[in-house]
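There are 2 protein chains.
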Amino acid sequence: MSSRRKRGAAGANDGGALAFKKKLKSDDEILAKVAKLSEAEKKKPKESVTLQDLNLPNVSKEVVDLGAPQVISEIEKTMLSVAASILNGHGFGYTIPTRTSANQLYVPQLDRIVLKDKSSFRQYGNMSTVRKTAITTRILQLIHQLCNKGIHVTKRDLFYTDVKLFQEQGQSDTILDDVSCMLGCTRSSLNVVGSEKGVVVGRLIFVEDGDVIDCTKMGVGGKAIPPNIDKVTGFQSDAKFILLVEKDAAFMRLAEDRFYNRFPCVIITAKGQPDVATRLFLKKMKSELKIPVLGLVDSDPYGLKILSVYMSGSKNMSYDSSNLTTPDIKWLGVRPSDLDRFKIPEQCRLPMTDADMKTGKEMLEEDFIKKDPRWHAELELMVKKKEKAEIQALSSFGFQYLTEVYLPMKLQEGDWI
Amino acid sequence: MSSRRKRGAAGANDGGALAFKKKLKSDDEILAKVAKLSEAEKKKPKESVTLQDLNLPNVSKEVVDLGAPQVISEIEKTMLSVAASILNGHGFGYTIPTRTSANQLYVPQLDRIVLKDKSSFRQYGNMSTVRKTAITTRILQLIHQLCNKGIHVTKRDLFYTDVKLFQEQGQSDTILDDVSCMLGCTRSSLNVVGSEKGVVVGRLIFVEDGDVIDCTKMGVGGKAIPPNIDKVTGFQSDAKFILLVEKDAAFMRLAEDRFYNRFPCVIITAKGQPDVATRLFLKKMKSELKIPVLGLVDSDPYGLKILSVYMSGSKNMSYDSSNLTTPDIKWLGVRPSDLDRFKIPEQCRLPMTDADMKTGKEMLEEDFIKKDPRWHAELELMVKKKEKAEIQALSSFGFQYLTEVYLPMKLQEGDWI
Numbered sequence: 209m210s211s212r213r214k215r216g217a218a219g220a221n222d223g224g225a226l227a228f229k230k231k232l233k234s235d236d237e238i239l240a241k242v243a244k245l246s247e248a249e250k251k252k253p254k255e256s257v258t259l260q261d262l263n264l265p266n267v268s269k270e271v272v273d274l275g276a277p278q279v280i281s282e283i284e285k286t287m288l289s290v291a292a293s294i295l296n297g298h299g300f301g302y303t304i305p306t307r308t309s310a311n312q313l314y315v316p317q318l319d320r321i322v323l324k325d326k327s328s329f330r331q332y333g334n335m336s337t338v339r340k341t342a343i344t345t346r347i348l349q350l351i352h353q354l355c356n357k358g359i360h361v362t363k364r365d366l367f368y369t370d371v372k373l374f375q376e377q378g379q380s381d382t383i384l385d386d387v388s389c390m391l392g393c394t395r396s397s398l399n400v401v402g403s404e405k406g407v408v409v410g411r412l413i414f415v416e417d418g419d420v421i422d423c424t425k426m427g428v429g430g431k432a433i434p435p436n437i438d439k440v441t442g443f444q445s446d447a448k449f450i451l452l453v454e455k456d457a458a459f460m461r462l463a464e465d466r467f468y469n470r471f472p473c474v475i476i477t478a479k480g481q482p483d484v485a486t487r488l489f490l491k492k493m494k495s496e497l498k499i500p501v502l503g504l505v506d507s508d509p510y511g512l513k514i515l516s517v518y519m520s521g522s523k524n525m526s527y528d529s530s531n532l533t534t535p536d537i538k539w540l541g542v543r544p545s546d547l548d549r550f551k552i553p554e555q556c557r558l559p560m561t562d563a564d565m566k567t568g569k570e571m572l573e574e575d576f577i578k579k580d581p582r583w584h585a586e587l588e589l590m591v592k593k594k595e596k597a598e599i600q601a602l603s604s605f606g607f608q609y610l611t612e613v614y615l616p617m618k619l620q621e622g623d624w625i
Numbered sequence: 209m210s211s212r213r214k215r216g217a218a219g220a221n222d223g224g225a226l227a228f229k230k231k232l233k234s235d236d237e238i239l240a241k242v243a244k245l246s247e248a249e250k251k252k253p254k255e256s257v258t259l260q261d262l263n264l265p266n267v268s269k270e271v272v273d274l275g276a277p278q279v280i281s282e283i284e285k286t287m288l289s290v291a292a293s294i295l296n297g298h299g300f301g302y303t304i305p306t307r308t309s310a311n312q313l314y315v316p317q318l319d320r321i322v323l324k325d326k327s328s329f330r331q332y333g334n335m336s337t338v339r340k341t342a343i344t345t346r347i348l349q350l351i352h353q354l355c356n357k358g359i360h361v362t363k364r365d366l367f368y369t370d371v372k373l374f375q376e377q378g379q380s381d382t383i384l385d386d387v388s389c390m391l392g393c394t395r396s397s398l399n400v401v402g403s404e405k406g407v408v409v410g411r412l413i414f415v416e417d418g419d420v421i422d423c424t425k426m427g428v429g430g431k432a433i434p435p436n437i438d439k440v441t442g443f444q445s446d447a448k449f450i451l452l453v454e455k456d457a458a459f460m461r462l463a464e465d466r467f468y469n470r471f472p473c474v475i476i477t478a479k480g481q482p483d484v485a486t487r488l489f490l491k492k493m494k495s496e497l498k499i500p501v502l503g504l505v506d507s508d509p510y511g512l513k514i515l516s517v518y519m520s521g522s523k524n525m526s527y528d529s530s531n532l533t534t535p536d537i538k539w540l541g542v543r544p545s546d547l548d549r550f551k552i553p554e555q556c557r558l559p560m561t562d563a564d565m566k567t568g569k570e571m572l573e574e575d576f577i578k579k580d581p582r583w584h585a586e587l588e589l590m591v592k593k594k595e596k597a598e599i600q601a602l603s604s605f606g607f608q609y610l611t612e613v614y615l616p617m618k619l620q621e622g623d624w625i
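If you read the sequences in order, they're chains A and B.
Position one of the first sequence corresponds to residue 209 (my numbering), numbered consecutively onward.
Position one of the second sequence corresponds to residue 209 (my numbering), numbered consecutively onward.
Worth flagging that the hints you see were computed from the coordinates, not collected in a lab.
Treat each hint with caution, since some may be false.
Copies of the same chain look alike in the list, so a pair counts if it fits in one copy or across any two.
[As the list claims (entries may be wrong)] Simulated crosslink set (DSSO-like; lysine-lysine; CA at most 27 Å straight-line):
#, residue 1, residue 2
1, K551, K363
2, K492, K479
3, K233, K357
4, K231, K357
5, K479, K439
Isolated chain A, as found in the complex (with noise of 0.2 Å):
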């Protein structure tokens, strides 16, 4: 607090911007402070608490990324227990777990939502269930041949091979999501996937379906992160931490700059809101590396809510979330409070609109803000002054400001929360 007040006093004649330029260390002087984030990192305990550890009544197990092999084992052995079921005079049905919101709790020891275990028993035998029970039945057969054959579709590809039963995607998908939730698997496991929107450079190599790819010899464009995570495999890196980034422009600058060949790390964008491919990877990358994950987002509600869907999920994927979340990402910048301490100009702050208004108001009561008094401080400053900025505002002091100053600045200060 003391150095900030420091640096604004500093930055009152020159407006700030250079001041910052003239504090900055040297580069392994930068690194110092990432560095220990980074060996703390590695020294976690490999898996910390577990949602077995908890033991919490009414919450029995988590989905898991499961093998084709296994999934395929899964589907018969439910087949089987159908029969059984017919067999035994209860019909044919399945027992599928409820994932409706009253199903579903937050678990602040994993920072993350899982389901609770009500199910219900969907059955041929009722008018009210019939059709659902003939499309699982269905998505259970396509599934099965995904596996077999090892390849991978959108949930487009799968409404498609059976307009006639499914009608419309909405119930495919639907029916997609109560499936991964009988086998216990993820939605990644049963080889139904994405479109893909994000990309990844800087300091790491992967294997992705037995192609080496080098991501800082990826050009300015980087590498576009694969629909099918479990082609991706070998993470090797030298980086000392993620930089992940909400939107294109900052990564284009970052990429262009190899921002990552100054202070090793990787660069990882979803172009804005985040899709299912781009949490898979970020997940596995930082779960592998061991290295921490700092987040730029643009300093309104809309680039909180980003952070907080790698962090905690979205609720629809609820039953998903331990392997799409990435909860301990720091958030680096562009924070509230920035936007006085960089003397981002007025006119390049942008006034928030009812419905930011709305949004952070409601953000302010959400569990996984209020658990770090710093992130609910930070949002309060943004909902009373109500404006907002993006990361691009940074330009206003010069097109490189973002790599040359803003974000040296943030590690060099370990200015992270």
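We have chain A already, so just place chain B on it with the hints.
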């Protein structure tokens, strides 16, 4: 036509889909038709008709790609002529080419839109143009700086460098286009780029900012196309054609099945509406490799619109059209006549909405459709039947029908128009 009828009859009992599979020849034979098309492509004269050759009245010049030193020199020349104008008593101002549709011309021989030679004098000493003149000067200064530093930024970055002057991004964007026309160079020569969306995979090697990128070794996710095309050089390929795909779901199917290893090709997609970076990349790749481009889009007006943007450009970028457009794309599929021919089930076809019908009817009048009677006939069929279908509708015959039957059959029969 006769072969189409025969096929329809042959497939009457088994849904048609399997009938095609039986008719597939060996891969070498399938490739024969494409090989002919490729040879024809390579024999084309190096530069076909240019704007100069046509010697059109009221059409002076097109913008061209310029290197950074040339852009710098053009800016300096412009400022010298401004100084001369002041000394001559004509005041401070710029001569700006008019970009309105009244000053645009579709040139059938080139199959693209070009600007005619109307221009206006934008002067500082006039209440209605003083702001625009100031913004133009500031943009020229910023571009000069970008070209000097050799870095690339987005339009949004540019806007944020002087929000006080630009007020809103629309204003700096518009004048950026004016500056591009005035200097006679493409927007990408100004080092202002759009965001990247496209990905590429297949039999292609190129150099990106010094890194050698081998697109056969890009796993299933492919290589992200960089926003700054001037960093891309040294295209090498043994591909027989470029497969331009509208959507990422189809791209994923082709990449995962490594379609390019069976039929040597390069596969590229912009994931929907094409962005400038993907269009520049396609144009550059095609003109250096001299191989045909086959388009695979949805059978709906939007799919055709996407082809038209690749081929003829969009109206508001018309001045930049020669650098952005790839005129001779072959329409491979999914064409309206394919729906019956491949017996796409009724439930996988979608009724066209009112907006679809309106767009479809308008497109029937457009030059790029009218110039080829076969294209016109296909669109007429679509509008007449009021039916559309997505590429994914082919999944109704199996997830890999696209790569194993549909595309090989299309290639075997040379069924593109």
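Practice problem: Would you pick out the hints that fail for this structure and give their numbers low to high? | Solution: none
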